[in-house]
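First to last, the sequence lines map onto chains U and C.
Under the numbering used here, the first residue of the first sequence is numbered 34, with each subsequent residue one higher.
Under the numbering used here, the first residue of the second sequence is numbered 4, with each subsequent residue one higher.
Hints should not be assumed to be uniformly reliable.
[Unchecked claim] For lysine to any residue, the following SDA-like pairs were computed, each having C-alpha atoms within a straight-line distance of at most 20 Å:
#	chain 1	residue 1	chain 2	residue 2
1	U	LYS147	U	ALA96
2	C	LYS52	U	LEU125
3	U	LYS279	C	GLY49
4	U	LYS279	U	ALA224
5	C	LYS52	U	VAL288
[Stated by the list, open to error] Negatives, chain C to chain U, calculated, CB over 10 Å:
#	residue
6	ARG55
7	ARG63
8	GLN84
Read the hints as simulated data drawn from the structure, not as lab findings.
Note that beta-carbon positions come from the ideal geometry of N, C-alpha and C, so glycine has one too.
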Amino acid sequence: MTLPVPGQASPSAPPGPPLWLLAEVTYRCPLHCVFCYNPVDFARHGAEMGTEAWLKLLREARALGSVQCGFSGGEPLLRDDLELLIAEAHRLGFYTNLLTSGVGLTRERAAALKAAGLDHIQLSFQDSTREVNDFLSHTKTFELKQRVGEMLREQGWPMVMNVVIHRLNIDHIDRIIAMAAELGAEYLELANSQYYSWAHLNRDHLLPTREQLQRAEAITDEWRQKLDGRMRLFFVVPDYHEGRPKKCMNGWGNVFLTVTPDGTALPCHTAAMLPGLTFPNVQTTPVREIWYDSEGFNRYRGTGWMKEPCASCDDKEKDLGGCRCQAYLLAQDPEAADPVCPKSPHHGIVQVAVEQAEARARSGAVPEQPLVFRDPRHSMQLSCAR
Amino acid sequence: MTAVSEATATASAGPLSDTTVPRLGHGFRLQWEDAQGCHVLLYPEGMVKLNRSAGEILARCDGQAGVGAIVASLEAAFSAQGLRGDVERFLLMARQQRWVTWA
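With the rest of the complex left out, here is chain C (with noise of 0.2 Å):
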């Protein structure tokens, strides 16, 4: 499997906005492996295997809802508050990746 090769550094500084719509980025496609027990992020010639928050934020990156939805989603979904920090610092690296895009 061709490793990923290094990352570069394009993330944005500034904190994300509600209204941030990320999706996935060209030439990836998040699905859950049964065999492997986890949601997985395919592309080209690779694969990473994704602990279960990111495997839960990915999904719901879907290029309809903003961050704020995603996070209210996250809070709801598994009885928790203040997700925002994490979850943003999730995005920010995983676009660093290309895993995710915004505008």
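Okay, chain U solo, but in the shape it has when bound (with noise of 0.2 Å):
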């Protein structure tokens, strides 16, 4: 790589290009996903970039190096201006990738999309009993995943579907996959939740036990032999559970440029949250200086700004010290080692909260909070309370 890398923070690895942009063109949703992994007070967040402010991002960012382009949201599909986003970003060379619920597409809609050229849509399920999805997601969208996975197919586009594995639905996971495959995905993806922003708030509901996430993974594994290849299965395991921090967005300003419905570009979607760190919006600052120059896209790059344990250690290359808002979520340290890792101080407060889980489990109790549904409201009476 010879890009010249002013302001860099670690001198000993110098950032490619933003590969993959992910323009979350809007926080409006018709579902209410209890794990949604944008702000939980999205609804106080500024106006939505208008069309000629998205496709300038396109094009800047295009030039920067990007190649991957998924659109996202809340629900893209609420966007009336997504063809022609869709369209340019496809007239610059991005692979184009819509991240969907599949509410609102309509056949008509699939042909526009297709004709704009979009590469690939990411369909995700929230379940596949039509109780628990309409439970999960408050709203009656499992038929309709059933007709929006014909319509992909029609389009001629890969099957590509991702399901978020909690332990609402985790014993349902056989049932998931056959459905999936009955669909016929090419790719499941089995994304165990991430406990960030809603799902933070719903830990206590969606940690899965131990014993569920073996039984989950065994149940994998025999579809795997099962489908031959025919069906490509990826299980996410959650970091919680894991015990070895993951190499979040695969390195802070390494490779992921999240641009927020006003125009706030950060490095990861949860990254606002982050206390003493402000991110440039697109719409006043070149793309080239956020990427390279910004405090906060620097501020994590690379190992210079690690503390013990993760400054001595081994593995500080490979997971980079894990996740810097799951550092500021549990040990109120964006610093601080993330608290998943073993040798991190703040570890007894993860031990904690799987040992909760698995208690709960036992005895049958229900956490005291009821689970707190994504919508405006609640957005906005949440980020009051702060």
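Make the complex out of the two chains shown on their own, each in a separate frame, by following the hints.
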């Protein structure tokens, strides 16, 4: 890589281009998922950027070397100009991905998105049983998702599905995989919930037990054998149980550039929660300057910011200290080692959470706080209370 | 970026014939990236950065040329000989990864 790298925090590893651009085009969403990773205070964020501002972002990011573009949300289908944005992204040479629940997709819209050059849709399913699905997403969407699966096939898109897995649906994993196979999915990601934002609020309801996880992994393995490569299964283990920090976002400011509906540029979906950091807006700051020069993107690049136990750890290049947001959420210190790491002085917090999940499973106790559904009213209430 | 999960071992064992016509797998796109100075293979939510020879081979997998023609074209372009074995080994690996497919 020969790009000049001004303002680089860690001289050892100059960042490459932001290969992955995630455009969170709206926080509006017809669903109310209890594990949503959108910020809890989303209803207080600024107005969505208009079409021209998104187009300008796409051009600048592509010129910088971005190749993958994800259109996400909220529910991106709620943007009337989605086809326009995708057409421009395609023209610029992005590989275009739409991350959707499928709510709002019609045959006509699917054809228009295909004509615009959309390469791929990742369809998220909450669960395969209608009752649980309706409960978890709070709207009747299951039948629609079956129809959407058909639309994907009609347009010749690869069928890529994602299901967020947690305590309330993990015991349905056999049915979930069976349904994906029935719909002809080529790839199914079984992503255990990560505990940020709404999922963090609802953690007591969502964190599975070890036994549940082991069973789910065993069932997934059985399906791998049975399907013999016809559908690829990817099981994302939750880091609370794995006891190993993840190399979050493949490194802070390393490949990912997320832009929120109001144009704030972030190194990950949830980084705006971190205290003492400001992130530029793509409407007022060029993307090149944001990526290479901004304080927000440079702060946790590389390993120079680390303190003990990370600074002297043999694995520091491997996991880069884990997730900064998780360190802040659990240890109230964004520079701490990710508390999921057994070497973290705060690891006890994670162990207690896992132990409590086990204890609730044994006793059948229900968490005191009821499930909080992701919607603007709760968002206003919860962010007001802070 | 979502990682590619395990590659499945479905490659045929036999040697490829001159008339085997490889083409890029469904959902894959090959393009040159100036910012990275190489060919990349793009697929849903992922990217493979290709070294020079991989890029040159895949760029010739257009669904028209057979393996014989691909090898001849590479040997002509690089003034080289005896590339057949390397090309076949790469194509079999690429097929396992689903980067390419053929009938």
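Which earlier hints can't be squared with this structure? 1
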